[in-house]
Structure formats: structure tokens, C-alpha cells
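Chains as they are written, first to last, in the numbering used here: chain A, 315 to 648; chain B, 315 to 648.
Any given hint could be a false lead.
Each pair may be met inside one copy or between any two copies, as identical chains are not told apart.
[What the hints assert, rightly or not] 20 Å max Cα-Cα, derived EDC-like pairs, lysine to aspartate or glutamate:
1) Lys-555 with Glu-447
2) Lys-381 with Glu-524
3) Lys-555 with Asp-532
4) Lys-434 with Asp-330
5) Lys-446 with Asp-563
6) Lys-562 with Glu-447
7) Lys-567 with Glu-464
8) Lys-381 with Glu-496
9) Lys-580 with Asp-563
10) Lys-526 with Glu-551
11) Lys-499 with Glu-347
12) Lys-341 with Glu-484
13) Lys-499 with Asp-382
14) Lys-446 with Asp-532
15) Lys-334 with Asp-363
16) Lys-586 with Glu-564
17) Lys-567 with Glu-447
18) Lys-520 with Glu-484
19) Lys-446 with Glu-524
20) Lys-499 with Glu-380
21) Lys-403 with Glu-347
22) Lys-446 with Glu-551
23) Lys-505 with Asp-382
24) Lys-580 with Glu-564
25) Lys-431 with Glu-347
Just so you know, these hints were derived from the structure itself, not from any lab. None of these values were measured; they are calculated from a predicted model.
There are 2 protein chains.
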Amino acid sequence: MIKLAIDAMGGDYAPDITVKGAMQAIKEFPDLELVLYGDRERIMPLLTDSTRITVQHAPRQIQMGEKDPITEIRNNRDTSMVTAFEAVKNREVSGVVTAGPTQGAIVAAHLIIRRIKGMKRVALCPNIPTLKEGGAIMLDVGANIEIRPEHIVQYAEFAHIYSQAVRGIENPTCALLNIGTEPGKGRELEKETYQLLSENKLLNFKGNIEPKELLTSDIDIIITDGFTGNIAMKTFEGAAKAFGLALKDEIQKTFAGKLGYLFMRKNLSNFKQRFSADEIGGAAIFGVDGVVIKAHGSSSAYAFKNAIRQARLAVLGDVVNKMKERIQDSPISE
Amino acid sequence: MIKLAIDAMGGDYAPDITVKGAMQAIKEFPDLELVLYGDRERIMPLLTDSTRITVQHAPRQIQMGEKDPITEIRNNRDTSMVTAFEAVKNREVSGVVTAGPTQGAIVAAHLIIRRIKGMKRVALCPNIPTLKEGGAIMLDVGANIEIRPEHIVQYAEFAHIYSQAVRGIENPTCALLNIGTEPGKGRELEKETYQLLSENKLLNFKGNIEPKELLTSDIDIIITDGFTGNIAMKTFEGAAKAFGLALKDEIQKTFAGKLGYLFMRKNLSNFKQRFSADEIGGAAIFGVDGVVIKAHGSSSAYAFKNAIRQARLAVLGDVVNKMKERIQDSPISE
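Input sequences plus hints: build the corresponding full structure.
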């Protein structure tokens, strides 16, 4: 049995979608057992089938717009997020899934579950909906914004082990996000990281990747520091938003456009779906001693179920222990 | 009369589009005089109207894919780009327009025209096609990748003066590209730059801007270091490319989609046009002692004409001298 904790109150549509997603996951995976942390009174009426699901009451929740998640997590230990993360720390479960605030999840992972010994930084690692089937993963996108080349290499190793276990890719390719493809490109950080990645025996390193190839390349793992990764990811999100608005605007300008839309509606909806995070699940938080998956705040039940699926695969693939072994074999200095 | 140098051989479709663009600009602006630098034998047959246009023969040109523009520019002084830039240095013209390789133009600006005294760095400043009429400008997007907060502030001041002169915005707003909107966000670089920008009396500083708002905000000037700016710009370009491919792919999957496309063709073409660089012109290179506009390598004659228009406005607005005065009033230490 794989036992996971669920932050049932995290996300824009909780507990509705978290409870539904949990029940869907249970139906799909016979080896799964879930513990839902949250407001029992709100969860129970939604839990129409409690097969392999238990509920642990947590009276409070972290608000999605919380400005100071660190203080919030330090001071309030009775929230659904904190109690769910504590279940990982206490080895009651092997992993946790939350759709709560990203910074809150990173802080909780760090403060409650704590880093793997020898792992120097944690990283936030979302899926990128590239044109390739299954997409890519990119890290770090914001957990650590000032960082050293050795830390980036550890990120890459973690992502390598994770991609093998969760995404079923035997020898995943990885590339360094940079402003040019030649080896000498970038700041000192990229130059030194490039060198270390080239020498690394575990990784299938393919050199630099420019952001303009981010969505069209077939690279499996894109590695960068948290500042650069965050800029790239948010630029992508912003472009998607602006393109959507402009496309809608242009279509509505003429009668022919509106007519064409009637024919094309399904195609446009499939197009939108292609860049949606729903299919793939959530972002992984790498580097702590347990599996942590952060589902999108606006997750549907289906997306949340996929985030649970992702956590299950990471536990099944023994990702955390494999990374521990890797760190023992190739430790890095402080 | 405003006299500008034109690198007639730069760009993917030169000299065809550069000569056509030059003739269009002459027709539009009676106060304009142009000197075309390039292969006389190829230019002359295209130059059907030589009103206020002279041709200076330059036997060589820098190839668009040139890997080592610095050596190329140092060693070959008889290229169309170098001779056109030398005309600025020798005060024969007030500015230069090229559609040649970007790195070549930055290096040529730096080595031939040279920096304004007291200006610590040059910057590449393209237009960003935001949803707001006229778009925004962003700098630096790749001229300097390791930089200090004071340099970024000079960029902002230059962009302020330029936006007043060329874009006719009385009190342009500017914002710092960052991973969050609160003042304390970002690396040390962003924190210190934020502080300096807040204290600056010339600027209309509006705080941080996240990349997800890049295309939908109404900010006039977006400021960042060359590495981050390059990442954001290329991510945007890559997203546009991927969205275009995926949209086409989805439309072609069904008969209804293809039918809808027939009605919507004009709307989709207008949509594409909205994010095209053609309307606005080229990227400005700030910081050297003369006006330099770098048109897109794949410019049409119309886009190249607009880049000439932009150079004319920068000369008319006396942008370089105004920046010199600003530097004298508020010099920064090395």
C-alpha cells in the first residue's frame, strides 16, 4: 500500500475538488491509501465513498493570498497544510499533495519535512507543456534565487532520477537554460554550471537551450536557477494570457470571425487544453525527505487526481531514497 | 535636414528591402537625407528614385550567421555595417539603421561610435508588442549580462528621455522586471536597483513588474539586466512560435476546423500582425554617441522604413544630447 497525505483545504476550489480528486485516485489505483487533512465538517458531506480514505481534522487553513507564509507556518501548526506535511515528517505517509499557496508549500517542505542530508537546496519543479508528448520538467522556478553551480547540478540529478521513476524515461536528456547555445554563453553561473554538467557521469547532458526553443525542443529536463526559471515560466504564462486575449478580441471584431469560431470552437478548446497543466499534474518539490507535489491552485478534480498519481509514482519509484544514495556516492562541499 | 546612414547590405532580404525602405522613408519625410552603404552594383538597379539618397560603396558585408562579430568588425573595416557606423563616428550623419546581426551591431556601436562619456554600459532596447497601443520598450535584453544597479538606473533614464522624444509620451512609466511585485522581491540586484529607482527624481517609477504582466500591463518602460531581459524576450518569442504551431496543428485536425479557418483567416492574420515587430520598427542601442537603430533581421521594406522613422525621431528629439546633459547633472561612479 502507498499511503499519501492530502491537504484537503488547499487551492481555490477546496475542499470540493480535493475530495473528488482523492476519490477518483482511489478508484484508479488499488494500491493507494489517502489521509485527508482539513475541516471534517466540510469534507464529510463531499466524501461519498470513503474506501481507503481517512479524514484527520485540521481546524485552520492557509489562505491562498497569504503574504507571509513563513510566519503563518511557524505560528499555526493546526492548518491543513502543516498537519499534512507533518504526517510525512512523522513517517505516517510517504508523501503529500497540496493545491495550497506555492510559497507556503516550499516553506512547509523546508521547515517541516526538512532537506535530505547533503542536499544543499530545495527546488520547485513544474511540468512545461512542450509540443513533445509528456512535456518537459523545469527547475528551479523560484524556490532559491541566489545559487551556486553545484546546487544546480544536484537539481539536475534529482530531476534525472525523478524522470526515470515518474515519467518512465530511461535516459532523460537535460539542458541548461541560457541566452545562447554555445558552451561559453551566459554569466559566470552558466559557464561554470555548463562545465560541471558536462563532466557529470549520471546525466545525459545536451548543452545549453535557449528560451525560444523551450516549448518546441524535445529535451526532458530544463535546468536553471530559481530567478531565471521563474522569469521564464511567468513570461510563458503571460504570453499565453495575452495571446488568448488578443485572439478572442480579433475573432470578435468581425461577423466572419464569429462565424468561423462556431466551426472552430472544438479545435480552439483542444488548443487551449494542450497548454493546460491539468493533464500532467502538479509541480514537484525536490530536495526534502519525502515526496511533495504542489498541484495548481486552480486545479480541477481531474488535475488534482493527476497530482496524486504523480506522487504515487514518485513513491513507487523510490525517488527520495535513490537521490539519497546518489548524494552519498557524490557528495558536494558546502 | 536629418542625415542618416543606412547599412544597405544588412538583414535577410538586403539590399532589396533596405533600398525599398529607404525610398519609402524619403517619400514620407521631406526633412530626411540618406546615405546607403553597400555594394553599389547591387544597390543601383534597385534605387529607382535617388532623391536625397546617395550611395557609398562598401565591398563586403557581415554575414547574418557570423559567429565572431567582434573579430569580424575589428579586422574588416570595409563592410557595409562598419562603414555606416563610421559615418556616425565621423559626424557625417546623425544616426545609423541596420538590419544586420544584433551582436555585430552592438559591437560596432561600442567599438566604432563609442560610449557617451559617463555612460557605463550600452543596452539593447527592443519594442515589446504589449496589448496597449504603441507597446512598451524593454532594456537591456542582452548587450550586458553582468551588471550593477547604477547601470540599470542609467538605462532607465535613457529610456525615459527616448520615450519622450520618439514615442511622444510626456511622463513615461517604468517598472523593474522581477519575480514578485513587492519591494523586497528578487535578488540583491533587484533589491538595490528598486531602491535607486524609487529615489530617482527623473523617472516615473511604478515598482516591480512580473513577467506574466509583461504583455498586458500599461507600463511604458520595462527595465532589467541583459541576461534576464534576454531570457524573457526569447521565452516570449518561443511561446509565440509554439502557440502558432499548435494552433495550426489543431485547426487542421478536423474538417470543421479547416472550414472555420476560411471564415477566420483575416482575423487570425490580424492577430498575428498584432505581435509583429513590423509596425513599430527596430531595437534601439542606447549609450553610444549617436543614434543606432537595429531593425529585425527579417524586416520587410515597411518594417525597415519604420526603423528609419524611429532613428529620425531620435535625432529630432535630440535624445543623445539630452542624455549627455543628464549624465553631467547626475554622474555615477565607476
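Can you give the numbers of the hints that this structure goes against, from lowest to highest?
-> 4, 7, 11, 12, 25
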